[in-house]
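**Q** Listed below are the residues making up each chain.
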Amino acid sequence: NAGVTQTPKFRVLKTGQSMTLLCAQDMNHEYMYWYRQDPGMGLRLIHYSVGEGTTAKGEVPDGYNVSRLKKQNFLLGLESAAPSQTSVYFCASSLGQGGEAFFGQGTRLTVV
Amino acid sequence: DQQVKQNSPSLSVQEGRISILNCDYTNSMFDYFLWYKKYPAEGPTFLISISSIKDKNEDGRFTVFLNKSAKHLSLHIVPSQPGDSAVYFCAAKDSGTYKYIFGTGTRLKVLA
Numbered sequence: 001n002a003g004v005t006q007t008p009k010f011r012v013l014k015t016g017q018s019m020t021l022l023c024a025q026d027m028n029h030e031y032m033y034w035y036r037q038d039p040g041m042g043l044r045l046i047h048y049s050v051g052e053g054t055t056a057k058g059e060v061p062d063g064y065n066v067s068r069l070k071k072q073n074f075l076l077g078l079e080s081a082a083p084s085q086t087s088v089y090f091c092a093s094s095l096g097q098g099g100e101a102f103f104g105q106g107t108r109l110t111v112v
Numbered sequence: 001d002q003q004v005k006q007n008s009p010s011l012s013v014q015e016g017r018i019s020i021l022n023c024d025y026t027n028s029m030f031d032y033f034l035w036y037k038k039y040p041a042e043g044p045t046f047l048i049s050i051s052s053i054k055d056k057n058e059d060g061r062f063t064v065f066l067n068k069s070a071k072h073l074s075l076h077i078v079p080s081q082p083g084d085s086a087v088y089f090c091a092a093k094d095s096g097t098y099k100y101i102f103g104t105g106t107r108l109k110v111l112a
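As they're listed, the protein sequences go chains A and B. If you count the first sequence from 1, position 95 lands on 95 in my numbering, and the numbers rise without skipping. If you count the second sequence from 1, position 103 lands on 103 in my numbering, and the numbers rise without skipping.
Computed spacing ranges between beta-carbons, pair by pair:
no., chain 1, residue 1, chain 2, residue 2, range
1, A, S18, B, H76, 41 to 49 Å
2, A, G51, B, A41, 26 to 34 Å
3, B, P82, A, K14, 39 to 47 Å
4, A, S18, B, G60, 41 to 49 Å
FYI, nobody ran anything at the bench for these hints, they're computed from the structure. No residue lacks a Cβ here, since even glycine has one placed at the ideal position from N, Cα and C.
Can you build the whole structure from these sequences, using the hints too?
**A** In C-alpha cells, the structure reads:
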C-alpha cells in the first residue's frame, strides 16, 4: 500500500520555466491538498480539491494552478517559476469529514 | 492572519520528563484538531487528534487537551524519549471547507 506518492522528489528550475508536480494516492480519498513548507512559516495550503473535477484556493494560491482530472491524482503546476517558489511541497489526502490527512514524502523545489 | 498559532518555535526537555506543546486557534468553525510529527526530509505523520466535542484524548504516551473556551489545545508527551525529537505541527480542520490549517511548528529536542 503506497499511500500518497509525490513525483519528482527533487527539482531545480530556472526562473521562468514551468513544471508540474504529480501527487497520486491509492486510498480512494475524496479530498486532496497541496502545501508548501518554508522556514518559520509552517505548512501553508496552496490549493485543495474536494473531489474529482473540483479545485479551490487555499491560503497562498498565487502563481500556482491545479487539476484533479482523476480521483487518485492531484497535479500542481507552476507556469512561470520564480525564486520565491523555492520551497518543499507536500501533497496530502483525506477521506474528509473526520479523520486525518495523509502526507507524501515531499518535493524539494529550487528556483534559480 | 494566522488562524492556528504555535508561539514556541522550540522546546528542550530532559529524557523521561513531560513535554508540553501548545497551540492556539482563532476560527470557531474548526471542528477537529490534529497533531503531526515531522522528521527532516520526510512528510508529516499523524500523531493524535481530538474532536471539538471532547476535551481530552489519550493514546499511549501522548495526550491532547482541548479548551474550547480559550481556543487552546496542548499535546503532552510522557515520558519524553530521544526519538520524540522532531518538529510538531498543530492542525485544525475547517468544518465547512474540510481544509486543514497548520501552525508554524515547534521543534522538540529531547535530551538524553
